[in-house]
Each structure stands twice: as structure tokens, then as C-alpha cells.
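Chains as they are written, first to last, in this note's numbering: chain A, 101 to 463; chain B, 101 to 463.
Heads up, a few of these hints could be off.
For chains that are exact copies, the list does not tell them apart, and a pair is met inside one copy or across any two.
Listed next, the in silico DSBU-like pairs over lysine-lysine satisfying Cα-Cα at most 35 Å (straight line) [claimed, not checked]: (1) Lys207 to Lys351; (2) Lys178 to Lys244; (3) Lys354 to Lys244; (4) Lys207 to Lys285; (5) Lys270 to Lys207; (6) Lys214 to Lys354; (7) Lys174 to Lys214; (8) Lys462 to Lys347; (9) Lys178 to Lys354; (10) Lys320 to Lys207; (11) Lys244 to Lys431; (12) Lys214 to Lys285; (13) Lys354 to Lys207; (14) Lys127 to Lys178; (15) Lys223 to Lys300; (16) Lys126 to Lys182; (17) Lys223 to Lys320; (18) Lys207 to Lys127; (19) Lys270 to Lys351; (20) Lys244 to Lys300; (21) Lys431 to Lys207; (22) Lys354 to Lys182; (23) Lys354 to Lys223; (24) Lys351 to Lys127; (25) Lys462 to Lys127.
Hints are computed from structural coordinates only; laboratory data are not their basis.
Number of protein chains: 2
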Amino acid sequence: MEVGQVLHMNAGTGETSYSNNSHLQKKVISMTMPIIEEAMTNLYSSTLPSSLVIADLGCSSGHNSLFVVSELIKIVEKLRQKSGHQSLEIQVLLNDLPGNDFNTIFKSLPSIQKNLSNQLEAKDAGPYFFSGVPGSFYGRLFMKKSLHFLHSSYSLHWLSQVPEQIENNKRNIYIASTSPPNVPKAYSSQFQRDFSTFLKCRAEEMVTGGRMVLTFMGRKSEDPTNKDGSNSMWEFLAMALNDMVSKGVIKEEKMDSFNIPHYTPSLSEVKCEILEEGSFLIDRLELSEINRSTYYKEYNHSNISEIAANSIRAVAESLLVSHFGDGIIEKVFSKYKEILSENISQDQILLGITNLIISVTKK
Amino acid sequence: MEVGQVLHMNAGTGETSYSNNSHLQKKVISMTMPIIEEAMTNLYSSTLPSSLVIADLGCSSGHNSLFVVSELIKIVEKLRQKSGHQSLEIQVLLNDLPGNDFNTIFKSLPSIQKNLSNQLEAKDAGPYFFSGVPGSFYGRLFMKKSLHFLHSSYSLHWLSQVPEQIENNKRNIYIASTSPPNVPKAYSSQFQRDFSTFLKCRAEEMVTGGRMVLTFMGRKSEDPTNKDGSNSMWEFLAMALNDMVSKGVIKEEKMDSFNIPHYTPSLSEVKCEILEEGSFLIDRLELSEINRSTYYKEYNHSNISEIAANSIRAVAESLLVSHFGDGIIEKVFSKYKEILSENISQDQILLGITNLIISVTKK
């Protein structure tokens, strides 16, 4: 599977779209906002720029795509007005894989730009320029030394490819308690390679003193086989797929050769790669947890399984369709919902989600 | 009608898509290629750049979108290799209105990039970065002094809006022989305002010495009411719409309030605006004609009306749908085809299409 050609969050604005099933991602962005603001404030104060290039990597489409960049523009405007500087031009670069629904983002831009102008009272604010940059962030995306501020939320836990030589991870689709020992090792090495490539590319693209804030799913334990909120969701999806195998809907070989290109690293794995790559100073490296039960408390059990199933479907459907074809999707997610519903009493699906937040400065 | 929100060439790759009905536009681009090459060669030789930012304004989607920029990259690579310079980074900015089908362009990028690498034998060629810039070129789109080379083909004959106060242009949808005298005047003034705004914006965005090559439909005669290949196509469309009025499919008021935001200027109108704006040196300002009868000679009459109808549908459908709703489209174009078929003996639809080609240098 060519992840870069296949993976995309569900397009449009319908019931199973990413746009309508990305509340968790929105919560994570809001949680990270003070750190984003701190990084931008430090960048602004230390460079007093007359123009600013901001990139959001893995922007996806929907409400979240333009939320961070709109907030960033407001932060910069506030700083500029406070310091009494002249207006500055801001270029916003929105990146995602080529299969992402850029059309939906672009169509919403005129109203976003209008809202921004209304909210920013200064007449000399802007202009702001937006563009879409299709491509994998595990390669170069931008010109040398062209970026001042870079943000990426809930994207770097996606690997560039499924790790190689994990054909023996039968009946699993990710690191699971029944995975052979080579599987977590292969996942961890793939993450190291990918994250190191990511850092090298960004180091070329960012100006000296530029800031980068990254948030993605991680894990508390150093042992990747320890169950947490992230791998339990994939185990439930594996259960639904295995049920399709037992019913003859999916062939066993097809199931055995499917694995998710996803990894949740520990803080020390991330720190190690940043230090080894060497182009960035670490300003913050934090672990934070979102308590799903608080998050879901307003819903009843059947609603929770519906919401949780839709949120996994919005991110994983493209991978499943590419491997199994689109005929199985409704069946798989109907079963998935059923499994979540049955397991909800175990509170497994209510396990917290661990997030890593990284704020760095380009040396 | 908010042209910037409404106008887009037909999306996708189906029968009525712009992608499948833009052979004429492709021919125009090929015809302009020597002038594009000359401008890029002059830019390269005079600046010997280590990085290059190229923009294509009104890129649309389909085969033509990436044709010019691919050719431009090949030209630059040839120049670089000949002069023995080090590799250079090229940023390609693809612009069109927010309703344009950028998704289709972005999905084709990986294969375009692969083809380019195969065609360019040099191992040190590239890297090339592509991005999509949604927005009207009758406003600022890019950061100050950020562009080296700018190309636009078959876009600037679209106005930013339908001229105001032409409500008396009843039963016509463009400048026609039966239009009152204020109509051609209003169209001409709208073009002057729009083209002058276009030049002002580009002057801010281009570096000194930057080159710009523009091609669009124009007219040979100074009198805009003279019939030519462009306005005769709109007259036939008006005939089809009036037929819908007589059949009660379209209300008369609705027809009377519809006009096409399109204008084909003369060479002197264009020259006048460039000189008045004052930021550009004119390197070339030429008029050239495409002979439709040569172009169509391999088809029989019924095919010609089919092809001509589809090519107008691909560019005008979004405007018609926005004003009349999508219920009338099939009927209108079926009638349009019939009218073309009947009039083909008059050779009116075989009238040549006049194009203006402008090559300028930013002072």
C-alpha cells in the first residue's frame, strides 16, 4: 500500500466525513493553543518580521483545517498592534496528502477571510494569502529557508508506510498483545526513520529562529505492547475484521496482510530523534492526556459507540477501501459499533488518549 | 452574481468536463510556447537564479493545468544544464478561483512529478514544489516581490463581474448587434478597471526583472460590436436561451438580467492599460488568429456542433446554473447544438478566434 497515495481523511461534510467526526482533534488543538501562542509570541518578539510564512502540515479538511491558522493570524495581529508595528503580510500554507479534500477547504476560504477581517478591528491588518500544498511531509514540501512558523496536529502518528516484514502479525492490524516481538520493533524503527526524515526536511525549509509546534498521539509506557487508548481502538477494529473473515466476507490472507501505518511513540523516543537530528532546540516536550469518559459523559452508551466508530471510520476508511475494496465498509463498521457497545462496560474504549506536544526552535 | 464565487470550468474528467473539452485552449498554449520560452530564457540569462517562483493564473483543471509549468521546468533545466549552474529549486504556484477543481490537479501531481524526473536526465534537477492558490487574480494572491515568472492563458477575458447598468441589454447576453450603445461601453470600462487592477496587483507581487506572459481572447476590430468568432458563440447561446423563454422554460425577466462576464479587448485597449499602469516594459504585444475551419476539418458537421457546444458548456455551465438553476442545462445545450448545426453552412461558427499575446518585464 502506497500510504501517500491512499491515506486521506473522509472528504466532504456528510455523516461519515472527517469534518463531522473530528471533535477529538479539535479538543486537542484547543488544549495545545497556549503552547502555540507562546511559540508565536517568542518568534514575533525575537524577529519583529515584516512578513510571515506559516505552514500547517496535515491540515485535512473541515472545521479544524483553518482553526489553528485563523488563531495564529489573530495572535500575530494582537502582537503587532501592541508593539505598534506596521502591517505585515502573512502567507498561510496548508499541507496534506494529494488525496485530501482541498476543494472543500478552498471553497470555505472566502468566508473565513471575511470573518477574520471582521474580527480584526485594525484597518491595516493583513493581507493574508492562503495556499494548498499537496504532498507527504516525509519529503520536502517547501523552498529552502522559507518558513517562519510550522504547526502540525494529529498527523505525525501516521507513518509513511506500513513497516516491512511484519507478515507474521496475523489476525492483528497493529501492535497487539498477541503480536510477535518483531512487530513492535518494526513499528518503532519505521517511526524513527520517518520522524527523523520529517525533522531533516523541516530543518532545510525553516529559517533560523523559526518555531515548530507538533502534537500527536503518543504513549505513556516505554513498552509499545502496553494497552492504551490508541491501540485498543485498533484491536476492536481487528476484531470486526476477523469477524468478517469468519463469515467469509474477507479472505484470511487479505486480513493477514493488512496493517495500519500508525504509531504512538513515547516521549523518550521522540526526544531521542530530535537530539540525534540536531537542528532544533527543544523548548517544550510534554505529555498530556485527554480523558475520554469526561469527553463522552454527555452521551449514553449507544451514542458513544456510534461516535467512536464514526471517528475511526473518518480516518481509516481510505486505508480499508484501498486494501479490501469498498464493499465491506458498512458491514465492518456496523460490527465495530456492536463490539464497542459490548465492551463499553469494560471501560476499555474510555481509556485516556495520550498526546505528545513538542515545541522547538530551529537553530 | 458574484463571479469569483460562481465561475469555474466544469470539474472532473467526464464527457462535459473542461478537462475533456479544452483542446482549443491547449492549441493556444502550444502556439504561445515560443514566446513563453523566449521570456523564460531572457529571465534566466539576466538573473541566473538559485531559486525560481513560477505562477500560472487561471490554471483550471485537466491536461492543460500542468502542461505549461511542466514545459517551463524543462526549459529552465535545459538552460541550467547548458550554463553549467548548480541545481535550483522551483516553486510552482497554480492559481484559480476557489470553485476550481484543485483536487483533480493535486491527485495528478505525483505522476506528473515522476514523468518530469524521467524526462529530465540530470540527477541534480529539482526539487520542484507545487501548490494551489485559490482566489481571484483581480486581487492580491501572493506575497510582495515573490514571483519571478508569471503565465496566464485564456483567463483574462473573464471579467471580475458583469458590467453594471446594462439591464437594457434585453434578449442578449453579451455585446450583440442589437445591444444599446451603453452596453459595449460598460463592457469596455469594466475590462479597463479589471485589467488595470490585475496589473497593479502583479506589479506588487513580482520581482524587478520578472517576466509575465499573458494570452487571452481579443478582437481585431476597434469596434466591439463587430462580429467575430467569440461574440458569435455567445449570440448562438443567447438564441438557445431565448428559445427557452419562448417555450416558457425560462422567465423573460430572468433572461433579460443575464449577461456573460467576458470581454475580448483590442490590442490598443490592452496596450493603453499597460502604459497607463506603468510598472511593466512591453517586450511583445501580438495578435494571432486560430482558424477554426482548419482545426475542425477532420470532423463532419454534426461533430463540429457537438464539440463546439461542449467546449462552451465546459466554460459557461457554472454561470448558467448559478443564474437559471441546473434544471435547464441539458435543454439549453441540446438547443444550442441544434442552432450550431443549422448555422454551420453560414460558416459563422467557423470564424477565426483572435488571441492577444503579451510578454512584459517588471520594471
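Alpha-carbon proximity context of Lys223 and Lys320, limit 35 Å: Neither. Shortest intra-copy (47 Å) and inter-copy (44 Å) distances fail the 35 Å Cα cut-off.
Homo-oligomer pair classification [Lys127, Lys351; C-alpha up to 35 Å]: This pair counts as neither: shortest intra-copy Cα distance 38 Å, inter-copy 50 Å.
Within, between, both or neither: Lys244, Lys431 at alpha-carbon 35 Å: The answer is neither: 47 Å in one copy and 53 Å across copies each exceed 35 Å.
Homo-oligomer pair classification [Lys244, Lys178; C-alpha up to 35 Å]: both (29 Å within a copy, 22 Å between copies)
Alpha-carbon proximity between Lys462 and Lys127, which holds within one copy, between copies, both or neither at 35 Å: Within. Shortest intra-copy distance 27 Å satisfies the 35 Å Cα cut-off; inter-copy 48 Å does not.
Copy assignment of Lys178 with Lys354, given that the CA separation must stay at most 35 Å: neither (54 Å within a copy, 47 Å between copies)
Homo-oligomer pair classification [Lys300, Lys244; C-alpha up to 35 Å]: both (12 Å within a copy, 28 Å between copies)
Within, between, both or neither, where Lys270 and Lys207 count as close if Cα-Cα is 35 Å or less: Classified as between: cross-chain Cα gap 33 Å, same-chain 43 Å, threshold 35 Å.
Intra/inter-copy verdict for Lys354 and Lys223 if alpha-carbon distance must be at most 35 Å: neither (59 Å within a copy, 39 Å between copies)
Within, between, both or neither, where Lys354 and Lys182 count as close if Cα-Cα is 35 Å or less: neither (60 Å within a copy, 52 Å between copies)
Alpha-carbon proximity context of Lys214 and Lys285, limit 35 Å: Classified as between: cross-chain Cα gap 32 Å, same-chain 49 Å, threshold 35 Å.
Intra- versus inter-subunit Cα pairing at 35 Å for Lys127 with Lys178: within (23 Å within a copy, 50 Å between copies)
The structure is inconsistent with the numbered hints 3, 8, 9, 10, 11, 17, 22, 23, 24, although it conforms to all the rest.
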